[in-house]
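Quick note on the working numbering: the sequence shown kicks off at 26 and runs consecutively.
Nothing false has been slipped in among the hints.
The list that follows gives simulated cross-link-like pairs (lysine to aspartate or glutamate, EDC-like), each with its CA atoms no further than 20 Å apart:
| hint | residue 1 | residue 2 |
| --- | --- | --- |
| 1 | K85 | D68 |
| 2 | K130 | D31 |
| 3 | K85 | D136 |
| 4 | K130 | D199 |
Hints in this document: simulated from the structure, not taken from any laboratory.
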Amino acid sequence: MALAYDTSVEGQILLGTGPLNFNHTCTGSNLVLLVTIECASGDNVTGVTYNAVAMTQLIKVLNPGGSEHYVYGLIAPATGANQVSVSFSGTTYVRAVAASYTGAKQSGLPDASHSKTDSTSQSAITDSVTTIANNCWVVASTDTDDAVGMTAGTGQTMRNTTSVVLALGDSNADVTP
26 MALAYDTSVE
36 GQILLGTGPL
46 NFNHTCTGSN
56 LVLLVTIECA
66 SGDNVTGVTY
76 NAVAMTQLIK
86 VLNPGGSEHY
96 VYGLIAPATG
106 ANQVSVSFSG
116 TTYVRAVAAS
126 YTGAKQSGLP
136 DASHSKTDST
146 SQSAITDSVT
156 TIANNCWVVA
166 STDTDDAVGM
176 TAGTGQTMRN
186 TTSVVLALGD
196 SNADVTP
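Could you put together the complete structure from these sequences and hints?
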(Lines of atoms letter the chains of each structure in order from A; the text may use other names.)
(Lines give C-alpha, C1' and ligand atoms only; values in the text may rest on other atoms or scores of the structure.)
Protein backbone atom coordinates (compact mmCIF):
# COMPACT_ATOMS: atom_id res chain seq x y z
CA MET A 26 0.00 0.00 0.00
CA ALA A 27 1.39 3.39 -0.98
CA LEU A 28 1.59 6.24 1.46
CA ALA A 29 -1.12 8.88 0.91
CA TYR A 30 -2.47 12.02 2.54
CA ASP A 31 -5.79 11.45 4.33
CA THR A 32 -6.99 14.80 5.71
CA SER A 33 -6.11 17.70 8.00
CA VAL A 34 -7.92 20.10 10.30
CA GLU A 35 -6.88 22.85 12.67
CA GLY A 36 -8.03 24.31 15.94
CA GLN A 37 -7.05 27.34 17.98
CA ILE A 38 -7.51 29.19 21.22
CA LEU A 39 -6.87 32.85 20.56
CA LEU A 40 -6.21 33.64 24.22
CA GLY A 41 -7.38 31.33 26.91
CA THR A 42 -6.80 28.33 29.09
CA GLY A 43 -6.67 24.69 28.03
CA PRO A 44 -7.34 22.27 26.81
CA LEU A 45 -7.67 23.02 23.11
CA ASN A 46 -10.15 20.46 21.73
CA PHE A 47 -11.14 19.87 18.11
CA ASN A 48 -12.28 16.90 16.04
CA HIS A 49 -10.25 15.11 13.38
CA THR A 50 -11.50 12.24 11.22
CA CYS A 51 -9.06 9.45 10.28
CA THR A 52 -10.07 7.10 7.45
CA GLY A 53 -8.26 4.23 5.79
CA SER A 54 -5.72 1.70 7.02
CA ASN A 55 -2.13 1.76 8.24
CA LEU A 56 -2.70 5.25 9.58
CA VAL A 57 -0.36 7.72 11.21
CA LEU A 58 -1.52 10.99 12.79
CA LEU A 59 0.66 14.07 13.28
CA VAL A 60 -0.30 17.13 15.33
CA THR A 61 1.80 20.28 15.12
CA ILE A 62 1.31 22.98 17.76
CA GLU A 63 2.37 26.57 18.28
CA CYS A 64 2.15 27.86 21.85
CA ALA A 65 2.72 31.61 22.09
CA SER A 66 4.16 31.83 25.60
CA GLY A 67 6.87 29.21 25.87
CA ASP A 68 6.92 25.61 27.02
CA ASN A 69 3.32 25.27 28.23
CA VAL A 70 2.05 22.19 26.33
CA THR A 71 1.78 19.27 28.74
CA GLY A 72 0.39 16.57 26.44
CA VAL A 73 -1.70 15.69 23.40
CA THR A 74 -4.29 12.93 22.99
CA TYR A 75 -6.39 11.60 20.14
CA ASN A 76 -9.51 9.66 21.13
CA ALA A 77 -8.09 9.81 24.71
CA VAL A 78 -4.91 7.96 23.59
CA ALA A 79 -1.67 9.75 24.46
CA MET A 80 0.42 10.88 21.50
CA THR A 81 4.24 10.87 21.47
CA GLN A 82 6.16 14.14 21.40
CA LEU A 83 8.47 13.97 18.38
CA ILE A 84 9.88 17.51 18.25
CA LYS A 85 9.96 20.52 20.57
CA VAL A 86 11.66 23.76 19.50
CA LEU A 87 11.88 27.06 21.35
CA ASN A 88 11.51 29.84 18.79
CA PRO A 89 13.61 33.03 19.08
CA GLY A 90 10.46 35.08 19.76
CA GLY A 91 9.64 32.98 22.85
CA SER A 92 6.92 30.74 21.43
CA GLU A 93 7.27 26.96 21.47
CA HIS A 94 6.70 24.67 18.46
CA TYR A 95 5.80 21.00 18.93
CA VAL A 96 5.10 17.96 16.75
CA TYR A 97 3.31 14.95 18.22
CA GLY A 98 2.67 11.62 16.47
CA LEU A 99 0.49 8.55 16.85
CA ILE A 100 0.75 5.28 14.93
CA ALA A 101 -2.54 3.45 14.22
CA PRO A 102 -4.98 6.11 15.48
CA ALA A 103 -8.63 5.12 15.75
CA THR A 104 -10.67 5.61 12.59
CA GLY A 105 -13.67 7.90 12.50
CA ALA A 106 -14.26 11.33 14.03
CA ASN A 107 -12.40 11.65 17.31
CA GLN A 108 -11.22 14.47 19.53
CA VAL A 109 -7.71 15.90 19.49
CA SER A 110 -6.98 17.41 22.89
CA VAL A 111 -3.97 19.66 23.50
CA SER A 112 -3.38 20.22 27.23
CA PHE A 113 -1.41 23.26 28.30
CA SER A 114 -0.81 25.38 31.36
CA GLY A 115 -1.48 29.06 31.81
CA THR A 116 -3.37 31.53 29.66
CA THR A 117 -1.95 31.78 26.16
CA TYR A 118 -2.52 31.59 22.41
CA VAL A 119 -2.44 27.99 21.10
CA ARG A 120 -2.88 26.76 17.53
CA ALA A 121 -2.73 23.18 16.28
CA VAL A 122 -2.97 21.34 12.98
CA ALA A 123 -3.74 17.60 12.82
CA ALA A 124 -2.94 15.65 9.64
CA SER A 125 -3.40 11.95 8.98
CA TYR A 126 -1.79 9.70 6.39
CA THR A 127 -2.72 6.22 5.16
CA GLY A 128 -0.43 3.40 4.04
CA ALA A 129 2.18 4.34 6.66
CA LYS A 130 4.67 1.99 8.27
CA GLN A 131 3.29 1.03 11.65
CA SER A 132 6.54 1.38 13.61
CA GLY A 133 9.54 3.68 13.88
CA LEU A 134 7.87 7.11 13.83
CA PRO A 135 9.61 9.27 12.76
CA ASP A 136 12.08 7.78 10.30
CA ALA A 137 14.23 10.92 10.71
CA SER A 138 13.72 14.41 12.07
CA HIS A 139 15.35 17.79 12.02
CA SER A 140 14.49 21.15 13.51
CA LYS A 141 15.60 24.68 12.72
CA THR A 142 14.92 28.11 14.15
CA ASP A 143 15.42 31.38 12.35
CA SER A 144 14.87 34.79 13.88
CA THR A 145 15.55 36.86 10.77
CA SER A 146 12.86 38.31 8.55
CA GLN A 147 12.98 36.37 5.32
CA SER A 148 10.73 35.75 2.40
CA ALA A 149 11.81 32.09 2.33
CA ILE A 150 13.35 29.66 4.77
CA THR A 151 14.92 26.47 3.46
CA ASP A 152 16.24 23.40 5.22
CA SER A 153 16.80 19.73 4.51
CA VAL A 154 16.27 16.38 6.19
CA THR A 155 17.68 13.03 5.09
CA THR A 156 15.31 10.09 5.41
CA ILE A 157 16.65 6.72 6.54
CA ALA A 158 14.40 4.38 4.54
CA ASN A 159 13.08 4.52 0.99
CA ASN A 160 9.49 5.56 0.25
CA CYS A 161 9.17 8.03 3.14
CA TRP A 162 7.37 11.34 2.92
CA VAL A 163 8.83 14.51 4.36
CA VAL A 164 6.40 16.44 6.55
CA ALA A 165 7.25 20.03 7.42
CA SER A 166 5.72 22.23 10.07
CA THR A 167 6.44 25.89 10.69
CA ASP A 168 5.11 28.89 12.54
CA THR A 169 5.68 32.62 12.47
CA ASP A 170 4.87 35.44 14.84
CA ASP A 171 4.38 37.86 11.97
CA ALA A 172 0.96 36.71 10.72
CA VAL A 173 2.13 37.20 7.14
CA GLY A 174 0.91 33.87 5.88
CA MET A 175 2.95 31.00 4.52
CA THR A 176 3.03 29.06 1.29
CA ALA A 177 4.62 25.77 0.31
CA GLY A 178 7.94 25.84 -1.48
CA THR A 179 9.22 23.61 -4.23
CA GLY A 180 8.58 19.95 -3.46
CA GLN A 181 6.02 20.65 -0.73
CA THR A 182 2.21 20.63 -0.65
CA MET A 183 0.47 22.84 1.93
CA ARG A 184 -2.17 20.89 3.86
CA ASN A 185 -3.80 23.62 5.94
CA THR A 186 -4.57 26.99 4.48
CA THR A 187 -6.61 28.99 6.97
CA SER A 188 -4.00 29.75 9.63
CA VAL A 189 -1.59 32.57 8.88
CA VAL A 190 0.84 31.65 11.64
CA LEU A 191 0.99 27.82 11.70
CA ALA A 192 1.53 25.63 8.65
CA LEU A 193 1.88 21.95 7.86
CA GLY A 194 2.88 20.55 4.50
CA ASP A 195 4.40 17.44 3.03
CA SER A 196 6.31 16.14 0.01
CA ASN A 197 3.15 14.52 -1.44
CA ALA A 198 5.44 11.84 -2.90
CA ASP A 199 7.97 9.22 -1.84
CA VAL A 200 11.44 10.46 -0.96
CA THR A 201 14.54 8.30 -1.25
CA PRO A 202 17.60 8.97 0.94
